[in-house]
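These protein sequence lines map, in sequence, to chains A and B.
Numbering follows this note's numbering, in which position 163 of the first sequence is assigned residue number 163; successive positions increment by one, without gaps.
Numbering follows this note's numbering, in which position 264 of the second sequence is assigned residue number 457; successive positions increment by one, without gaps.
The set of hints was computed from the structure by calculation and includes no laboratory data.
Mixed in with the good hints there might be a few duds.
As the list claims (entries may be wrong) - As a list, the in silico DSSO-like pairs of lysine-lysine whose alpha-carbon atoms are at most 30 angstroms apart:
1) K255/B x K71/A
2) K404/B x K184/A
3) K117/A x K55/A
4) K404/B x K419/B
5) K284/B x K195/B
6) K181/A x K419/B
Stated by the list, open to error - Here are some, though not all, of the chain A residues that point toward chain B, as calculated from beta-carbon distances under 8 angstroms:
7) G63
8) S75
9) T80
10) A122
11) G125
12) L130
13) A132
14) V162
15) F173
16) L175
17) G176
18) E179
19) G182
20) Y190
Please read all numbers here as calculations on a predicted model, not as lab measurements.
All C-beta atoms, glycine included, are put in the ideal place defined by N, C-alpha and C.
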Amino acid sequence: MTINITSPIKSREIEELAVGDSVLVSGFIYTARDTAHQRIIEALDKKKEPPFALKGQTIYYMGPSPAPPGKVIGSAGPTTSRRMDAYTPRLLDAGIKVIIGKGSRSPEVRRALKKHKAVYLAAAGGAGALLASAITEVEVIAYEDLGPEAVMRLTVENFPAVVANDIHGGDLFELGRAEYKGRKQDPEDYPTQ
Amino acid sequence: MKEIEASAITQAVARLCQEANFFLGEDVLSALRQAHQAEQSPLGREFLTQIIENARIAKEEKLPLCQDCGTAVVFLEIGQDVHIIGGDLNKAVEEGVRRGYYQGYLRKGIVSQPFSDRVNTRDNTPAVIHTEIVPGNSLKITVLPKGGGAENKSRLAMLLPNEGKRGVIEMVARTVEEAGGDPCPPLIIGLGVGGTGEKAMLMAKKALLRKVGEPNPDPEIAHLEKEVLIRVNALGVGPLGFGGTVTALAVHAEVMPTHITSLPVAVNLQCHSARHKEVTL
Numbered sequence: 001m002t003i004n005i006t007s008p009i010k011s012r013e014i015e016e017l018a019v020g021d022s023v024l025v026s027g028f029i030y031t032a033r034d035t036a037h038q039r040i041i042e043a044l045d046k047k048k049e050p051p052f053a054l055k056g057q058t059i060y061y062m063g064p065s066p067a068p069p070g071k072v073i074g075s076a077g078p079t080t081s082r083r084m085d086a087y088t089p090r091l092l093d094a095g096i097k098v099i100i101g102k103g104s105r106s107p108e109v110r111r112a113l114k115k116h117k118a119v120y121l122a123a124a125g126g127a128g129a130l131l132a133s134a135i136t137e138v139e140v141i142a143y144e145d146l147g148p149e150a151v152m153r154l155t156v157e158n159f160p161a162v163v164a165n166d167i168h169g170g171d172l173f174e175l176g177r178a179e180y181k182g183r184k185q186d187p188e189d190y191p192t193q
Numbered sequence: 194m195k196e197i198e199a200s201a202i203t204q205a206v207a208r209l210c211q212e213a214n215f216f217l218g219e220d221v222l223s224a225l226r227q228a229h230q231a232e233q234s235p236l237g238r239e240f241l242t243q244i245i246e247n248a249r250i251a252k253e254e255k256l257p258l259c260q261d262c263g264t265a266v267v268f269l270e271i272g273q274d275v276h277i278i279g280g281d282l283n284k285a286v287e288e289g290v291r292r293g294y295y296q297g298y299l300r301k302g303i304v305s306q307p308f309s310d311r312v313n314t315r316d317n318t319p320a321v322i323h324t325e326i327v328p329g330n331s332l333k334i335t336v337l338p339k340g341g342g343a344e345n346k347s348r349l350a351m352l353l354p355n356e357g358k359r360g361v362i363e364m365v366a367r368t369v370e371e372a373g374g375d376p377c378p379p380l381i382i383g384l385g386v387g388g389t390g391e392k393a394m395l396m397a398k399k400a401l402l403r404k405v406g407e408p409n410p411d412p413e414i415a416h417l418e419k420e421v422l423i424r425v426n427a428l429g430v431g432p433l434g435f436g437g438t439v440t441a442l443a444v445h446a447e448v449m450p451t452h453i454t455s456l457p458v459a460v461n462l463q464c465h466s467a468r469h470k471e472v473t474l
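Given these sequences and hints, build the entire structure.
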């Protein structure tokens, strides 16, 4: 089943999401990677305004390739989320509701997601050309000096992802692995190597 | 004796950097389609479809397959009867990387000082260049743009000799299991066994250049590849780590003699976006 969600997300929508649900995200999402996270948290520590109002918003861990002529963005797939684990609980405290990245999260992040009723979505790592086609507008809103790691506001239409951590503490990476561990291949002659 | 202009090397490298980033090899595509047939997880199949579709879009629109356009790993096999004229070989390669990444709108992802400044060099240089002198009078250039997500999960283990084949298999399984979804499976697993620490890792990296699934010509090593592949695909990691029966598309092993006290095992993981292109001048 595929669920259409809009960003910023409503709490009613977030409560309906379960691990393993395929989703299509439409609306506004904000990019941030390692250094942008550091700077946002520094701003929060100094009681300064973060580059965008965090409450209820979606963060996408992504730094695109340069936009070729005639395109709004280059290749635009997710980066490894693990690198942001140390910063994530703080941003969830500040009101972030949806995070999009690739790969699994630390136990601390998973606890914080549950506590704040937020979700983590995984997108297809290595499918940057496909994911770029779901991005219709791009605006750099902060930290322009970081180049591809600047904070951008993206307008997305039907951006595909899967719910990896829901508000109940479920984890797709654990559940998926447990389900298929030790299974025999079918056809049994796969792989053909 | 054959003379090759340094400028021809620059041009070739610039073109290969772009082609590798835009066009996924037919062997990789075919392995992905087979994986889609075999994968038991519906979610895994859904994402394999996205990966295959991604390759089509990248090719049509000349967009990089992945926004991480990688470290430019360049292999040079230089015939001993080749004479390079009109410039410095390594500088010619670096210039090719610089031009290729600029002209192709590829993401520049190299930072200058790994443990402190980490300032982007803005042209994706320096490349990582591996040079080998071989018989003949031609120059083979291979460009392998290697993404960080998969490279970060590389592992080297210096096993005890008595750990043997079982030890090798378990070392790979542990590496793939711990890496989970981070290196973007389904993977191609480069495996280097023997030699010394650095030689094992180089063999593992070079093994990634083989056609996907092409077995090692030595039957005993081919058998090891198959055993490792079956073991890894039983881990359940699956496409992108979401669970499934296809965690790796292939295992490519290279083996060489080693010291009496040693059993070096190196694993170099390649994400599904297995990009490399070559040319012979």
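Hint by hint, here is what the structure shows:
{"no.": "1", "hint": "K255/B x K71/A", "verdict": "holds, 11 angstroms"}
{"no.": "2", "hint": "K404/B x K184/A", "verdict": "holds, 25 angstroms"}
{"no.": "3", "hint": "K117/A x K55/A", "verdict": "holds, 13 angstroms"}
{"no.": "4", "hint": "K404/B x K419/B", "verdict": "holds, 15 angstroms"}
{"no.": "5", "hint": "K284/B x K195/B", "verdict": "holds, 20 angstroms"}
{"no.": "6", "hint": "K181/A x K419/B", "verdict": "holds, 18 angstroms"}
{"no.": "7", "hint": "G63", "verdict": "holds, 7 angstroms"}
{"no.": "8", "hint": "S75", "verdict": "holds, 4 angstroms"}
{"no.": "9", "hint": "T80", "verdict": "holds, 5 angstroms"}
{"no.": "10", "hint": "A122", "verdict": "holds, 7 angstroms"}
{"no.": "11", "hint": "G125", "verdict": "holds, 4 angstroms"}
{"no.": "12", "hint": "L130", "verdict": "holds, 4 angstroms"}
{"no.": "13", "hint": "A132", "verdict": "holds, 6 angstroms"}
{"no.": "14", "hint": "V162", "verdict": "holds, 6 angstroms"}
{"no.": "15", "hint": "F173", "verdict": "holds, 5 angstroms"}
{"no.": "16", "hint": "L175", "verdict": "holds, 7 angstroms"}
{"no.": "17", "hint": "G176", "verdict": "holds, 2 angstroms"}
{"no.": "18", "hint": "E179", "verdict": "holds, 5 angstroms"}
{"no.": "19", "hint": "G182", "verdict": "holds, 6 angstroms"}
{"no.": "20", "hint": "Y190", "verdict": "holds, 4 angstroms"}
Checked against the numbered hints given earlier, the structure satisfies every one of them.
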